[in-house]
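2 protein chains.
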Amino acid sequence: MNIPKTSLPRIVVIGAGFAGLQLAKNINTKYYQVVILDKNNYHTFQPLLYQVASAGLEPDSIAYPIRKTLRNKENIFFRWAEVDHVDLDKSEVSTNIGDLVYDKLVVATGASNNFFGNHSIEENALPMKSVVDALNLRSKILGNIEEALNTTDLEKRNELTNFVIVGGGPTGVELAGAIAELKNKILPKDFPDLDLRQMRINLIEANSRILPEMTEHSSQKALENLREMGVEVWLNTLVESYHDNVVSTDNGGTFIADTMIWAAGVKGKFPEGFEHTELGNNNRIITDEYLEMKSASNVYILGDAGLIQSDNYKNGLPMLAGVAMQQGRYMAKLLNNEARGQKTEPFVYNDKGTMATIGRNRAVAELKNFKFQGILAWFIWMAVHLMLLVGFRNRVVVFINWSWNYFRYNNGLRLIIRPFKKKEKTGPVHSLVEV
Amino acid sequence: MNIPKTSLPRIVVIGAGFAGLQLAKNINTKYYQVVILDKNNYHTFQPLLYQVASAGLEPDSIAYPIRKTLRNKENIFFRWAEVDHVDLDKSEVSTNIGDLVYDKLVVATGASNNFFGNHSIEENALPMKSVVDALNLRSKILGNIEEALNTTDLEKRNELTNFVIVGGGPTGVELAGAIAELKNKILPKDFPDLDLRQMRINLIEANSRILPEMTEHSSQKALENLREMGVEVWLNTLVESYHDNVVSTDNGGTFIADTMIWAAGVKGKFPEGFEHTELGNNNRIITDEYLEMKSASNVYILGDAGLIQSDNYKNGLPMLAGVAMQQGRYMAKLLNNEARGQKTEPFVYNDKGTMATIGRNRAVAELKNFKFQGILAWFIWMAVHLMLLVGFRNRVVVFINWSWNYFRYNNGLRLIIRPFKKKEKTGPVHSLVEV
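Which chain is which? The protein sequence lines are F and A, in order.
Per this note's numbering: the first sequence ends with 435, consecutive numbering throughout.
Per this note's numbering: the second sequence ends with 1435, consecutive numbering throughout.
Chain F with its partners taken away, still in its complex shape:
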């Protein structure tokens, strides 16, 4: 890889997500040459992906060019590259644009969907982990409603407008709520000639309650809110397979649905080369309380990809943006200290709370000392997410969109711009229509 050689130790950071970006912002490049690699040239604000999928925000508002973040910092190099392999013995990273040796390696590669080995789901369900996934989902939802107009076959129409979301964590709950708002407030005006009562939004959760990370009370509130908005929530239900538009569950139920969205599990993601290292729960690489790999020194794992095992954190830390950001900042501090010959205390996670928004004026928030529901939680949720967005322009544009949606329910982002998702070759659609 075309990176200048200097006398400073080289840190290679894989991934410019929450952890990688915080590290890059806070590392002192007087001490290190820093190379950041990412398969995208932008950072994605994952917590708002579901709003892109449900036509509430444009993709450009929740993504931010990595190079722009790194401006004004010398001695820090970004490369748009996919890392194929890490050779821990040779301290070398192999990518699609060449190889690179490191003195220190930081793996902040995040998580991918966990289908728990279920191939039918993996092949047929739609994921929502990236901007491209979210855009595909937006096109799929809107495209299916358009298609539903073209058929007089009720079964076919129901299949097209039946949405199944698997997983009652924050992503599933927020997406179900957002699609329900689309159904209740926007689509009836856009599609006056379609009977939208037949459109169904199903949220399936294996657990006995949604948002299992939160208190029983918040779970209950979220459940009530979703049901009031028309989402059908199926608890204690496990999806077993999904093919030919049939979702089968462990209690013998079936859903005939053209769209199934998978939000039921993620697992640590990392390049080849770590398979035989010590892996914990959810395929995460085990680290000590300084975030260093137990089986390789000078290799650090941050965010979703890593799992702390220490006396303080017996079960590791949750896979959350907050953890990743704090670990990124911690890692910068640790490396800066090390260069100055100073010690750093072990990583301590400062849990600031959990929030999920369900719809307009509806959210649940559990902060350190307070629990909120309803409109107050909703405003807190919005304020926190606006603050966390990278870039002032993004904040302004998101604020406009949200205000617009609040007052008018109508921001006009309902574009199907990925035409390859349109099922032009299905055939049956054509034969079913009435001339």
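Don't read these hints as lab results, they were simulated from the structure.
Each hint can be trusted.
With a straight-line cut-off of 20 Å between C-alpha atoms, the simulated SDA-like cross-links for lysine to any residue are:
id, chain 1, residue 1, chain 2, residue 2
1, A, Lys1068, F, Tyr409
2, A, Lys1156, F, Asn96
3, F, Lys30, A, Pro1192
4, F, Lys68, A, Pro1192
Dock chain A against the given chain F, drawing on the hints supplied.
Here is chain A on its own, set in the frame of chain F:
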């Protein structure tokens, strides 16, 4: 197609561009059932596509959901459909979602690229006629700069950062100017470790001057502006072929460039079924001065797809958004009058002027009684385009982006979100890089 049958005559409108949308807004649906078909579910504001391509605006700002425009109008049906064929004898339209009979047909299908039969150009050049084209171009420009970083082979690097734009009309001039601003103001901050002096922007025009529709003086001003900004303008030059990254011109010149953008010609576009009707210049269907096809009654052609032939307009009208919008409104008036048994005067084009922007504070504008250059023309250009954008939200977001760019040159839309454009399989890139 699943459209209710009523006693009202049915108007089928193909295309929701400038002409189709104005027609839909102004037609009186007490008299007609109106069905609008478009291959996208959104209207595209084509004059600003080049700003999407050059990372100045997000695609959602210059596109507008068609259904949103048609809200609150009864008896008007939009269908997301591609029209394959029109049977003028049977008065029937065939689409990918079924067939539909019409009483009156309005063809407002716009234009497609005209490669004048040159296959090497058609296959290898990038077009810029749609939102998807513009996004592809954005990804290509930014992706090539990223790739250029990875090679130490100067020839390869020059090839990647050499941009050839063919066609010195408004599209080519505006795009060349926008890419020059990207090069001069934004990329040096994003890519401090790349020598951007080697990045070239070439604008090739067959004519002896750019913007040939405008006065000599404006052409000259635009040329001076482009050259000051570092664009290399090649007049009296015709591109003959483009393959294996080599652009060959009629005067024996060659450009080695990985990117060639085609803005040198468009032609009328329409579904099958019109091939054997009377076609004029640029493949446009000939109409009388009431925009009705000469060889078929109750069939009207608006905008770029049609060519008026009358005593007033011997050479037809230019292929411009202004003409299309006025024709859409005229057609609504004519059809409304007809329903009331009233006559309508022939169509008269009210030429409000031409404008092109070259860069910050640089534009040329020729209005009815005034000609402007420089900063005043630039402000007029911005005001007019903001006004013409459909949707208040779009205007606000575009205004923010433009203001932001004006003061900071830095709006943060430089995302490569079409990863399939990344040439992962080129191979040579990998072997050229230095480890």
